[in-house]
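Chains as they are written, first to last, in our numbering: chain A, 1 to 384; chain B, 1 to 438; chain C, 1 to 254.
Hints are computed from structural coordinates only; laboratory data are not their basis. Cβ atoms here follow ideal geometry from the backbone N, Cα and C, with glycine treated the same way. It is possible that some hints are incorrect.
Stated by the list, open to error - With a straight-line Cα cutoff of 20 Å, these simulated SDA-like cross-link-like pairs (lysine to any residue) come out:
id, chain 1, residue 1, chain 2, residue 2
1, B, K433, C, A59
2, C, K179, A, V369
3, C, K68, B, R284
4, C, K227, A, Q67
5, A, K118, B, P155
6, B, K157, A, Q117
7, B, K86, A, T353
8, B, K222, B, E16
9, A, K294, B, A152
10, A, K330, B, Y376
11, A, K91, C, V204
12, C, K115, B, P400
13, C, K179, A, G365
14, C, K22, C, A59
15, A, K145, B, H162
16, A, K344, B, S138
17, C, K68, B, R418
18, C, K115, B, R434
19, C, K115, B, D370
20, A, K118, B, M359
21, A, K118, B, G398
22, C, K68, B, V432
23, C, K115, B, H399
24, C, K68, B, E416
Claimed, not checked - Some but not every residue of chain C turned toward chain A, in silico, with C-beta under 7 Å:
id, residue
25, F167
26, V198
27, R202
Letter by letter, the chains look like this.
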Amino acid sequence: MANQPTLDVETFETFRNWRLKRADYAREWKQRTRGKIIGYFCTYAPEELMYAAGILPVRILGSHEVQDVTEPHIFAMFCPFCRDCLAQGLKGRFNYLDGITIAQSCLHIRQTFTSWQKHIPIDYSYYLPMPHHVQSRHATPFLTKELGVFRESLETWLGRKIEDKAIDNAIEVYNRNRQLLWEVYKLRLEPDPPLTGEEAMEMVLSSQMVDKRDHSDALESLLTRLPQRTSTRPTGTRLMILGSEDDDIEFIQMVESCGATFVVDDHCTGSRYFWNNVERSEDRLASIAERYVKRVPCPTKDWPTRTRVEHVLKLVKDYDVQGAIVMQQKFCDPHEIDVPALTKALNGAGVKTLFLEFDVTVPIGQFKVRVEAFLEMLQEDDLF
Amino acid sequence: MASKAKYKTAPLKTWEKAKELRLKYYEDYAKAHERGGLRWAGGAWSFSAVPSGLGEDVWSLTSEPYAASIAANKSLSLKCLEATEKAGYARDLCAYMRNYWGSILLDEYAFGGSFPKPDFIWQDHICCSHAKWYQVVSDLEGGIPHFSMDVAVGPYKDVAPHKIDYLVGQMHDGIEWMEKITGRKYDDALLIEAVKNEFRSTSTWAEICALNKHIPAPLEEKTMYSLYVHGTLNKHDRAVADFYDELLAEVKERIAQGIAAIPNERCRLMSDTQPPWGFLKIFRYMEEYGAVSVGSLYTFGLIGIWEDKPDGSWGPRTTPMQKGIEIKDRDQALRLYADWTLSKPEWQHFYSPHLKTEMMLRIAKEWQLDGVMLHYNRGCEGLSVGIAENRLGLIEAGHPVMSFEGNMGDEREFDEARVRDRFDAFMETLGVKRNGNT
Amino acid sequence: MITVGIDIGAKTVKVVVAQDGKILGKGLVPAGMDTTASTQQALDAALADASVGKGKVEAYTATGTGRKDCALTDNQITEVGAAAKGMTRLMESCRTVIDVGAEEGRTVRCDAGGKVIDFAYNEKCAAGAGTFAEGMARALQVSLEELGPLSLTSNRAVQMNAQCAVFAESEVVTLIHNKTPREDIARAVLDAIASRIVSMVRKVGFEKDVALVGGVALNPGFVEAMKRALEMDVHVPAEPEYVGALGAALAAAE
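Just need the whole structure built from these sequences, with the hints factored in.
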């Protein structure tokens with residue numbers, strides 16, 4: 001931690017503490033509001049609907065600890081992230097949850113949900129068949145109907161109706177948070193961004209763990225100071241990280257200690273989480289559905305056209321990215337299938353890539369060797 | 001000293017026909033252009049009756065069985081796999097997909113000649129890889145018109161009009177798209193006929209599998225793979241529906257005559273997920289113990305369509321025709337087709353392994369099984385998803401279960417000696433001895 | 001009745017001469033390339049150890065990876081069955097036998113009579129097994145025999161981050177460069193192996209009394225790592241490498 005830039009004490013520390021002490025936050029929130037908490041596994045979960053019901057939706061993540069409890073439940077060839085998440089559940093680390101939900105995307109994480117349903121006591125669970133053919137004009141009408149079914153299910157569980165006004169309010173709350181996150185990300189466009197990739201990761205991760213209102217208040221406070229913040233470290237090489245689920249702070253720290261800064265990302269716990277807003281229309285559920293259908297997609301939903309490639313290339317251009325670290329959880333098929341096309345497109349745009357497979361824990365020493373070699377190569381390119 | 005045979009056996013009369021039909025299928029696809037026809041490629045679960053509306057000269061290449069054919073040819077498979085890896089694709093991806101891509105990269109058709117490029121892609125998407133498989137195929141072939149249909153609307157027990165609408169909406173769009181790219185006018189009569197053929201073939205296949213409840217089983221799984229395969233090639237084709245009718249009659253005859261699949265049936269098992277295609281001889285090894293695999297949810301429910309019968313047993317689903325329903329137009333045909341296909345047993349576990357466990361327990365009971373062999377198939381996430389929970393569910397219900405890791409399409413991940421070892425240990429646990437040996 | 005059990009493993013051949021459930025003599029020989037020759041050698045050694053003439057032996061049974069090629073007998077029992085029989089003979093209260101050898105790890109649940117209830121083998125993603133330990137010992141520049149006692153002098157748990165055996169060896173080198181005390185690294189290595197093995201054990205569950213057998217059970221550091229991972233006491237018989245052969249000898253008497 002020696003190379004740590006001075007954190008903005010008020011805000012980045014707040015984000016970090018929310019992440020490290022998420023269980024405390026959750027318990028305190030429950031006591032204060034008497035509300036229920038639902039854990040979700042994938043960013044396609046329609047949080048606005050749950051929030052409108054007075055529920056706090058929180059993202060279930062792993063712990064980056066080696067474990068030996070999931071083998072009876074999930075075959076080891078499935079990704080380490082889904083097994084790590086299940087291990088947390090089996091070890092009681094999420095015993096403050098009242099329910100769990102999943103909006104279907106990849107196969108691996110579904111197993112975490114279904115094993116959790118059977119083996120870990122929870123009061124409520126819901127599987128939402130989020131459509132995969134998001135490029136079809138039928139996806140939004142289908143999801144709208146499914147959201148209606150989900151709404152009824154929540155209402156039955158809670159024993160009360162979810163008012164339209166509450167949905168309007170939830171959309172506003174979520175849109176506000178996303179807007180603020182963008183504004184922080186916009187600051188990373190600058191030649192010397194006033195925040196590191198590590199700080200950005202703390203910010204985005206914590207938004208998936210707390211009430212968006214609390215998070216937005218912290219963001220607003222941050223935004224009054226951040227533009228004036230001067231960097232205490234050289235930016236170095238401007239990097240992007242993209243890929244599957246990634247919340248490995250230790251890795252980000254390591255890379256940024258080697259003379260580089262992550263200026264933008266496209267992964268499942270990063271910008272893909274908040275990149276798109278709900279555009280309000282007459283039909284509330286339809287407008288929520290539209291947001292999830294049209295958002296930057298997970299590879300499982302990015303077909304027949306690979307729209308994500310275009311999106312990534314635009315980020316590369318806007319953020320003046322010099323190199324990209326393409327990561328994925330070990331065994332992640334959807335990302336693996338896209339990697340050759342993505343890499344080709346990035347290389348074609350003059351951006352070199354370093355591919356790394358992540359596991360529950362990563363061999364930092366070995367990864368550092370690769371990252372340093374990559375950065376050296378990029379720096380030499382710069383000279384010519 | 002081998003023990004005296006308990007039952008009489010006889011080869012299947014329809015065996016040669018089964019082989020011919022399959023080879024003809026692959027030949028038809030390759031020769032489509034010569035005949036002025038069209039050819040398309042897509043998954044075995046693509047709603048294959050739909051492109052039939054483009055004409056009587058439309059042939060298909062379904063991806064999974066084609067890839068399995070490559071996998072059964074170990075030297076070709078290795079070449080294909082290595083070509084795919086050289087092109088930058090990861091080794092833990094779907095094994096079928098890697099074999100298939102390799103075939104294109106090497107420009108080698110597994111049935112001779114160069115790889116025949118399809119005119120369009122008509123695909124279904126249920127596992128994570130399906131539609132993306134063909135994204136890469138299109139890349140490799142320099143661009144092919146590609147339509148994939150999302151079928152993942154939830155388990156059949158929750159079927160509702162809006163789910164059918166979603167499927168049917170995509171199919172309507174797909175038909176319009178097909179007309180545009182082929183320049184052909186769609187013929188609803190051909191669609192209706194194809195859909196009816198498919199109802200018939202998939203229901204009849206289930207009926208054939210249900211006959212294996214008989215002791216001794218008239219069929220065993222290794223043979224069944226060569227019979228069910230037609231349901232994965234062109235189940236919408238009249239020839240396949242007719243073939244299954246013929247096969248059904250023969251299997252009934254075998255039962256009447258007391259003909260068994262293996263002469264010394266002593267231990268009835270079921271398997272699960274695709275077998276390791278390059279090592280089907282493991283089934284012959286099992287026979288040395290008098291152990292027979294009478295089927296699996298995979299063999300029964302990948303193409304077979306089932307329902308609860310009035311007597312509470314699991315049997316073939318009654319077709320719309322059998323219910324006296326007359327199919328009059330395109331939309332009605334597509335709706336019936338969507339509902340029929342959504343009830344496919346092998347689609348339910350995508351939403352919950354516990355649904356699959358229920359079906360497996362049913363098979364174990366109604367087919368009177370002594371044990372279960374689970375292939376933890378590294379080559380297919382779609383069918384292995386949740387398999388560990390299936391194992392727990394079966395054990396909880398008191399069924400002996402053996403599991404083994406392997407790969408349906410990558411022989412480098414299958415250790416034959418070790419699997420035999422595990423099987424030996426399993427038989428020991430069940431108290432079943434090898435014929436004449438310990 | 002005097003019987004002989006032959007365990008033809010990947011690295012060694014073990015032979016036990018038994019009578020009425022008691023071990024009369026044992027022999028162990030490296031398997032080498034010619035297992036017929038090494039089996040004969042081990043048998044001769046065991047008979048000599050038992051002071052029993054070959055003619056007195058009434059039945060043979062073979063187990064281990066090489067059992068099918070055993071020239072001396074067609075009678076076989078799998079390693080799973082042999083482990084259950086052998087261990088319950090040595091310890092009546094044993095209900096779980098965890099067998100960790102050079103190449104494979106197995107776990108067996110059995111009943112009071114030594115009958116197998118369920119079993120599991122380690123699969124591909126397991127870095128468990130003796131060969132891995134050997135590689136790590138090399139990286140630490142200690143002998144395999146020293147690895148266990150070295151790890152016992154550590155009182156700090158250091159997590160090995162590499163999940164894959166391929167990276168693990170170079171991670172050990174990194175840990176050494178970072179001046180991590182060698183005893184802590186040794187312990188981390190053994191904890192990593194134990195974690196893989198226990199992952200497999202949990203698949204079929206475990207019930208006391210738990211026994212640990214096979215070559216790797218001779219490593220006291222590994223035994224401690226297993227106790228920590230299982231959160232339960234683990235019993236290692238006096239000569240864990242002979243349990244399979246004993247089980248085979250008992251099977252021969254049936």
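These are the hints, each one checked on the structure:
no.: 1; hint: B:K433 with C:A59; in the structure: holds (18 Å)
no.: 2; hint: C:K179 with A:V369; in the structure: holds (18 Å)
no.: 3; hint: C:K68 with B:R284; in the structure: holds (18 Å)
no.: 4; hint: C:K227 with A:Q67; in the structure: holds (15 Å)
no.: 5; hint: A:K118 with B:P155; in the structure: holds (17 Å)
no.: 6; hint: B:K157 with A:Q117; in the structure: holds (18 Å)
no.: 7; hint: B:K86 with A:T353; in the structure: holds (18 Å)
no.: 8; hint: B:K222 with B:E16; in the structure: holds (16 Å)
no.: 9; hint: A:K294 with B:A152; in the structure: holds (18 Å)
no.: 10; hint: A:K330 with B:Y376; in the structure: holds (18 Å)
no.: 11; hint: A:K91 with C:V204; in the structure: holds (19 Å)
no.: 12; hint: C:K115 with B:P400; in the structure: holds (14 Å)
no.: 13; hint: C:K179 with A:G365; in the structure: holds (13 Å)
no.: 14; hint: C:K22 with C:A59; in the structure: holds (15 Å)
no.: 15; hint: A:K145 with B:H162; in the structure: holds (7 Å)
no.: 16; hint: A:K344 with B:S138; in the structure: holds (16 Å)
no.: 17; hint: C:K68 with B:R418; in the structure: holds (13 Å)
no.: 18; hint: C:K115 with B:R434; in the structure: holds (18 Å)
no.: 19; hint: C:K115 with B:D370; in the structure: holds (17 Å)
no.: 20; hint: A:K118 with B:M359; in the structure: holds (17 Å)
no.: 21; hint: A:K118 with B:G398; in the structure: holds (18 Å)
no.: 22; hint: C:K68 with B:V432; in the structure: holds (18 Å)
no.: 23; hint: C:K115 with B:H399; in the structure: holds (16 Å)
no.: 24; hint: C:K68 with B:E416; in the structure: holds (14 Å)
no.: 25; hint: F167; in the structure: holds (5 Å)
no.: 26; hint: V198; in the structure: holds (4 Å)
no.: 27; hint: R202; in the structure: holds (5 Å)
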